[in-house]
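Novice: Chains as they are written, first to last, in numbering that gives the first Met the number 0: chain W, 0 to 166; chain R, 0 to 166; chain Y, 0 to 500; chain E, 0 to 500.
Since the hints were made in silico from the structure, they are not lab data. Glycine included, every Cβ here is placed at the ideal spot set by N, Cα and C. Treat the hints with caution; some may be incorrect.
[Unchecked claim] When the alpha-carbon atoms are kept at most 20 Å apart in a straight line, the in silico EDC-like pairs for lysine to aspartate or glutamate are as follows:
(1) E/K164 to R/D7
(2) E/K199 to E/D141
(3) R/K129 to E/D382
[As the list claims (entries may be wrong)] Chain Y is nowhere near these chain E residues, computed Cβ spacing over 10 Å in every case:
(4) T303
(5) E428
(6) G433
[Stated by the list, open to error] One side only, chain R facing chain Y, incomplete, derived with CB under 8 Å:
(7) R12
(8) K14
(9) G28
(10) T29
(11) S30
(12) A36
(13) V38
(14) I47
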Amino acid sequence: MEFEFTTDGEKRRVKTDARSPRTEVTIDGTSYDVDWARVRDGVISLVIDGRSHTVQVARRDGGVDVQLEGRQFSFGTGSRDDDSAVAAGASAGAGGTIKAPMPGNVVKVMVAEGDEVTVGTSLVVVEAMKMENEVKSPVDGVVKKVNVAAGDSVGTTEAMIEIEPAE
Amino acid sequence: MEFEFTTDGEKRRVKTDARSPRTEVTIDGTSYDVDWARVRDGVISLVIDGRSHTVQVARRDGGVDVQLEGRQFSFGTGSRDDDSAVAAGASAGAGGTIKAPMPGNVVKVMVAEGDEVTVGTSLVVVEAMKMENEVKSPVDGVVKKVNVAAGDSVGTTEAMIEIEPAE
Amino acid sequence: MKKILIVNRGEIAVRVVRACRDMGIPSAVVYSDADRASLHVLEADEAVRIGPAPALESYLNIDAVIAAAREVGADAIHPGYGFLAENWRFAKRCEDEGLTFIGPTSDALQLVADKIRSRETMLAQNVPIIPGMMSSGKDMKDYREKAAEMGYPVLVKASAGGGGKGMQIVREEEGLEAAIETSSRVAGSAFGDDTVYIEKLIERPRHIEFQILADMHGNCVHLFERECSIQRRHQKIVEESPSPVVGSELRAKMGATAILAAKACGYTNAGTVEFLLDEDGTSFYFLEVNARIQVEHPVTEMVTGVDLVRQQILIARGEKLEFTQGDLSQTGHAIECRIYAEDPKNNFLPSSGRISLFREPQGPGIRHDCGIYEGWEVPVHYDPILSKLIVHAEDRDAARARMKRALGDMSILGIATCLEYLWSIIDSEAYAAGETQTDFIEKHMSDWPTSTASDETEHLALIAAALSLSTESSTGGAVREKAPSPWDTLGSWRIGAGGGR
Amino acid sequence: MKKILIVNRGEIAVRVVRACRDMGIPSAVVYSDADRASLHVLEADEAVRIGPAPALESYLNIDAVIAAAREVGADAIHPGYGFLAENWRFAKRCEDEGLTFIGPTSDALQLVADKIRSRETMLAQNVPIIPGMMSSGKDMKDYREKAAEMGYPVLVKASAGGGGKGMQIVREEEGLEAAIETSSRVAGSAFGDDTVYIEKLIERPRHIEFQILADMHGNCVHLFERECSIQRRHQKIVEESPSPVVGSELRAKMGATAILAAKACGYTNAGTVEFLLDEDGTSFYFLEVNARIQVEHPVTEMVTGVDLVRQQILIARGEKLEFTQGDLSQTGHAIECRIYAEDPKNNFLPSSGRISLFREPQGPGIRHDCGIYEGWEVPVHYDPILSKLIVHAEDRDAARARMKRALGDMSILGIATCLEYLWSIIDSEAYAAGETQTDFIEKHMSDWPTSTASDETEHLALIAAALSLSTESSTGGAVREKAPSPWDTLGSWRIGAGGGR
């Protein structure tokens with residue numbers, strides 16, 4: 000079986016035959032002789048060259064989260080959920096569509112349709128977990144649409160504000 | 000949905016519509032207004048009349064084990080696994096076939112084919128978890144077959160000794 | 000007490016439920032609509048829905064709380080920390096309704112909530128306070144004169160303030176006016192009281208606080224200090240007892256001062272007297288009284304063996320303290336780390352979502368006061384504290400090592416947490432050296448994360464990810480299978496594990 | 000020390016792994032084929048397969064252990080308890096191979112393993128011993144004379160014995176001969192040494208033991224007593240510290256005697272001096288030295304704040320004790336319950352199988368030294384101890400209450416355990432009154448289980464079972480679903496939870 004994971008924009012190819020409790024795993028050409036056992040859902044025991052590692056693995060949309068020995072990793076997988084992952088990652092960067100950085104409640108909307116904004120103009124204040132966060136414009140442009148009002152609950156996927164970027 | 004559970008030989012009929020987080024559950028004619036949530040696999044939260052109960056439930060062959068507030072229950076279900084449950088329960092009682100009371104290793108076989116035995120004759124010593132247990136004959140009769148020898152591993156389902164009961 | 004209603008949520012509500020159960024006192028919790036499946040509801044004897052998710056309509060709704068107490072037949076209320084814990088109007092309402100408020104009297108609460116009145120009270124008892132104004136200024140000229148008198152830098156503070164809200168550092172006279180205006184405006188909208196005053200700024204101080212217990216018969220003891228200097232966003236994240244810099248002489252002096260301060264306020268029940276200790280470690284100043292059980296109370300419990308929540312209940316029931324100052328001692332060293340749902344790589348922005356995997360650290364000397372479980376959805380409505388990890392060991396070095404191990408053994412996947420960040424703090428040379436002034440984070444953690452994972456660790460993560468996914472797909476999804484019995488697998492283990500050796 | 004090899008399994012191996020990690024010392028464990036997925040392997044830094052499942056071919060195989068130490072480059076061995084822990088030949092082998100055995104010297108081990116030599120050694124130091132023979136009898140006449148001299152009832156014991164094996168109570172002369180023959184035969188086959196002797200039987204005694212620590216520089220301290228009187232099948236199941244009947248005067252006297260006994264044996268490292276205390280609580284008698292870390296060591300750790308496994312390692316490394324007798328004190332009260340895979344309703348027959356559900360109790364003052372996890376298959380090859388639940392509280396009543404709560408909050412499904420039985424012990428009036436003589440189980444627990452669950456509790460169990468099964472069938476099996484987000488469910492919680500109030 001072969002998997003492709005992305006981490007920090009780089010791709011890693013992992014090849015394994017998981018059917019036997021002792022298996023060879025190859026990562027981009029480096030091979031490991033792995034004695035492994037599935038402890039429970041999401042917990043994998045590895046013994047490699049006498050070293051014992053217990054690793055936690057949890058799926059998420061578009062990838063897997065992994066934790067071992069106090070370090071956390073987030074790998075992307077080439078699954079069908081990839082689109083949403085890309086979209087979420089782009090929320091801050093890609094111009095027009097402004098999404099909430101985290102799920103929360105809209106405290107204040109500071110722009111109206113037709114307003115001109117520049118990079119750094121405060122658009123919306125979203126409150127979550129007792130902390131207020133100003134969402135600022137990443138682009139210069141004109142506010143095309145305002146989809147939220149004070150008091151609304153928002154997730155991280157819907158567009159709160161749409162901005163027509165200036166040329 | 001209706002379930003039939005057996006406990007200490009008695010039957011209990013439980014009727015429920017589990018689709019809503021607030022549901023009526025009826026046990027043999029007694030009704031409860033149950034606000035429930037599934038916490039994780041095997042853990043159910045019940046709030047009934049303001050009282051909060053967290054209950055652990057685990058499937059086993061032929062039934063479910065349930066634990067709450069320090070008490071443990073074992074209910075039989077009318078599933079296809081029932082036969083094996085009945086068979087296991089009968090291991091000590093029903094004449095001819097002698098099974099191990101627990102999985103373990105045979106330390107000593109004290110009878111041979113053709114031996115006459117009476118109720119209480121020691122047949123086999125099985126050792127498990129540093130404890131030796133003498134398995135004794137539940138009937139008077141003649142040893143028909145000896146299927147184990149010292150050093151064998153045994154489970155709780157296979158016949159170690161078969162006895163032809165006396166008339 | 001017939002029954003205690005716990006008006007809180009998360010780890011502290013769970014903590015109080017357990018204390019009640021340990022004491023054989025029935026208890027009930029309240030929950031908002033966002034918390035039906037939260038741990039405090041699962042652990043409770045009784046649970047009452049109190050309102051919708053927003054705290055103002057549930058955990059802060061005094062009428063609803065009183066109604067809930069009536070509904071379950073409670074005769075006492077434990078407020079935990081936060082929410083209504085230090086609200087003197089709520090305490091007064093309980094008193095009027097004949098409910099025992101497990102905490103100080105509403106009079107004491109009202110006094111300690113007012114920073115200026117507190118300072119006056121302390122001054123009258125010769126408790127050292129930070130040099131500064133004893134009332135708000137008459138006008139801007141008055142502020143300017145007072146500031147010049149005590150010398151810059153100064154601190155503009157809100158009289159009703161807390162959590163750093165409305166606090167402004169002013170290093171030169173020209174910034175004073177703007178700071179006072181901002182501070183006053185923020186305080187007005189946050190606390191409904193725009194009174195501000197000026198104090199001398201103590202630079203690079205340590206935050207040292209003394210736990211006290213006072214019964215209703217005039218007995219008061221202190222349970223030694225906690226050092227809680229390490230803070231981000233004006234919130235503590237690492238606490239310990241003893242402090243690495245407080246010696247026995249200073250400890251005795253500060254402890255006696257804490258008792259004096261508590262008595263001066265007519266304080267009863269459990270409370271904390273906060274001090275600033277200057278950079279030299281010689282002069283200390285009264286800061287405020289925290290009139291509640293503190294988030295960091297477990298470190299005191301670990302070193303003294305005293306159960307503070309139990310003592311709160313005993314005191315509220317009218318009992319006399321069972322011990323005197325001489326009976327108390329500190330054994331070993333305890334450290335607490337607060338585990339928040341927040342992203343240290345992104346300005347500590349809080350994080351919500353489903354906890355997809357959760358593993359707690361185990362072993363001797365480890366205590367985990369926890370408000371979460373695997374599969375739980377962290378709601379967006381409340382404070383992002385998830386749990387508190389506390390270790391106890393023979394000395395500070397052993398406690399540090401144990402905390403590092405415990406943090407490394409803890410897993411929370413699915414949301415961002417500060418676990419790795421905390422590990423780096425405890426691992427740092429500055430922490431090892433006890434250089435835990437309040438500027439710790441800006442001074443020692445500004446370049447975090449310094450190191451990235453080794454290739455080897457990343458490869459292990461990739462191996463586990465691949466094996467985990469391949470198991471899933473071979474069984475058609477994350478189905479929990481029956482584990483094979485040892486009889487089934489003896490052969491394959493033998494092949495698997497024995498080959499190379 | 001460069002690296003410690005831990006030659007054990009289960010909870011104690013996990014305990015030692017963590018101690019090593021806390022101290023920054025690399026460690027490795029050994030495992031048999033039955034233990035590849037056992038917790039001690041999962042928690043270890045390194046793991047070496049040592050042989051097939053039977054202990055004689057793995058954990059008791061000295062050659063294999065030495066080879067494993069060489070393979071991983073260990074220079075020290077921690078034996079835990081049981082298996083090779085008190086085997087002087089193994090300790091000697093380590094000494095010969097230049098490996099540090101973390102425990103006493105092989106000479107001390109050999110001495111304390113021999114009951115008759117131990118008694119002689121104690122007698123020479125005026126340590127009180129149970130009246131009885133100082134050597135095996137010349138012939139049956141000799142035994143008969145000695146027994147008549149000390150007066151019946153008497154106890155026939157194997158010199159090399161342990162765990163009650165070969166022990167026989169004789170109440171009248173006519174049973175003596177048969178008892179000596181049986182005892183001698185059992186001892187011969189169990190220990191390879193058929194030497195037996197006779198002691199006076201102390202009726203209804205308490206089992207009081209003192210923890211000691213002795214370094215290699217002549218320093219020795221005791222860490223107070225543990226009472227471990229409650230036993231079934233000659234094995235302890237409930238232990239506590241302090242003892243409910245030992246006062247400070249007796250404690251000081253017994254503690255000093257324990258130190259005397261340890262020094263007389265040339266004992267170093269951690270050990271336990273066992274005494275019998277008579278029914279009156281006035282006279283005590285030396286019983287034996289347990290030359291290992293004990294199963295029940297955590298109760299001492301909880302009340303003293305000393306980490307005994309850490310101290311074992313420090314002592315083995317040649318360090319001096321960091322504290323003197325005067326530095327040590329007992330704070331609060333600790334109780335330990337041993338959780339065995341066994342069926343109290345069926346003569347404590349051990350139980351094996353898969354743990355289908357596992358929930359650990361949580362909260363302040365609770366420690367769980369655990370060797371299992373959910374989904375793990377309990378193997379049939381080893382001792383059925385699963386874990387140890389330890390509580391610490393301000394006093395004995397608070398500790399009892401906390402232990403009851405902790406036992407009630409713990410769930411192990413899929414195998415039989417003694418959890419409910421332990422709950423009944425702790426809940427009993429006899430236990431509350433401290434009537435914990437060694438006949439506790441036969442005297443107070445013979446009619447267990449006394450009560451059956453109420454109809455209401457059974458109904459709750461049935462409701463949960465039905466709801467659990469109906470969820471399963473609606474999703475086509477026990478699939479772990481993504482929990483709905485609060486946004487998805489706000490509406491339904493509102494409807495669900497708010498209706499009736």
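Novice: Run every hint past the structure and note whether it holds.
Specialist: Now the hints, each set against the structure:
At roughly 37 Å between alpha-carbon atoms, E/K164 and R/D7 are farther apart than 20 Å, so this suggested pair is violated. Proposed proximity of E/K199 and E/D141 is supported: the alpha carbons are some 15 Å apart, at most 20 Å. For the proposed pair R/K129 and E/D382, the alpha carbon gap of about 6 Å is at most 20 Å, so the pair holds. A Cβ of chain Y approaches the Cβ of E/T303 within 10 Å, the least distance being about 8 Å, so the stated non-interface status is violated.
At roughly 15 Å, the least C-beta separation between E/E428 and chain Y is larger than 10 Å, which holds for a residue marked as non-interface. Listed as outside the interface, E/G433 is consistent with that label: its C-beta sits roughly 19 Å from the nearest C-beta of chain Y, beyond the 10 Å cut-off. Restraint check, R/R12 versus chain Y: the minimum CB separation of about 28 Å is more than 8 Å; hint violated. The restraint placing R/K14 at the interface with chain Y is violated, with a minimum CB-CB distance near 24 Å, outside the 8 Å limit.
Here the hint on R/G28 is broken, as its CB sits about 26 Å from the closest CB of chain Y, past 8 Å. With a least beta-carbon distance of about 21 Å to chain Y, the hint placing R/T29 at the interface is violated under the 8 Å criterion. Taking 8 Å as the C-beta cut-off, the interface hint given for R/S30 is violated, the closest approach to chain Y being about 21 Å. The criterion of a C-beta within 8 Å of any C-beta in chain Y is met by R/A36, whose closest approach is roughly 5 Å, and the hint holds.
Interface restraint check: R/V38 against chain Y, minimum CB-CB distance 6 Å, threshold 8 Å, status holds. Interface hint at R/I47: violated, since its Cβ lies 10 Å from the closest Cβ of chain Y, which is beyond the 8 Å cut-off.
Of the numbered hints listed earlier, those contradicted by the structure are 1, 4, 7, 8, 9, 10, 11, 14.
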